[in-house]
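S.K.: Sequence:
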Amino acid sequence: MSKQTWSKRLSGPLSPNEIEDRFEEAARTLRRLPDDKPQGYFNVWPAIVRTTWEIMAMERQPMKIWATPQSIDRMDECFAWLFWLEPEEARVVWLRAEGMRWKPICRRLGVSRATAWRWWATALIKISHRLHADDKARTSKPRKQAS
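Numbering follows my numbering, with no gaps: position 51 of the sequence shown is 52.
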């Protein structure tokens, strides 16, 4: 989704399709975070100085794209949503967000494809309803009490 779409969606509840997109973005963001290294990790070897010919002959390295603070915030929000679900539903949602196909998911969980899909769809609908209820509670005006 583009930045404009995200800013528009912050005003109201998300649909199940948009929630699915958010989980996929969260999985991508998690892959973009820096590797976990022990404290004080460094290299004492001097940097290798390469000639122009060596640099041209090297294989191209893919450019590492780091996660933005906004995408990390959205990822954290998605992680909070997983706590609203049953453990098997959360597992299916996250495995699908990582791009795993249905067959390996079914093998890993020991269920049929229909059951796995049902857990996944139910989970997205649960999150959508919960977000909608939270949005309604936040936007509703308090009633004046009669004296």
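No lab work stands behind these hints: they were computed from the structure.
Heads up, some of the hints might be wrong.
As a list, the in silico DSBU-like pairs of lysine-lysine whose alpha-carbon atoms are at most 30 Å apart [to be verified]:
| no. | residue 1 | residue 2 |
| --- | --- | --- |
| 1 | K137 | K127 |
| 2 | K65 | K38 |
| 3 | K137 | K104 |
S.K.: Now tell me if each hint is right for this structure.
M.R.: Tested hints:
1. Between the alpha carbons of K137 and K127 the distance comes to roughly 15 Å, so the proposed pair stays at or under 30 Å and holds.
2. Among the hinted pairs, K65 with K38 is consistent with the structure: their alpha-carbon atoms are about 17 Å apart, no more than 30 Å.
3. In summary, the hint linking K137 to K104 is not supported, as the alpha carbons are separated by about 38 Å, beyond the 30 Å threshold.
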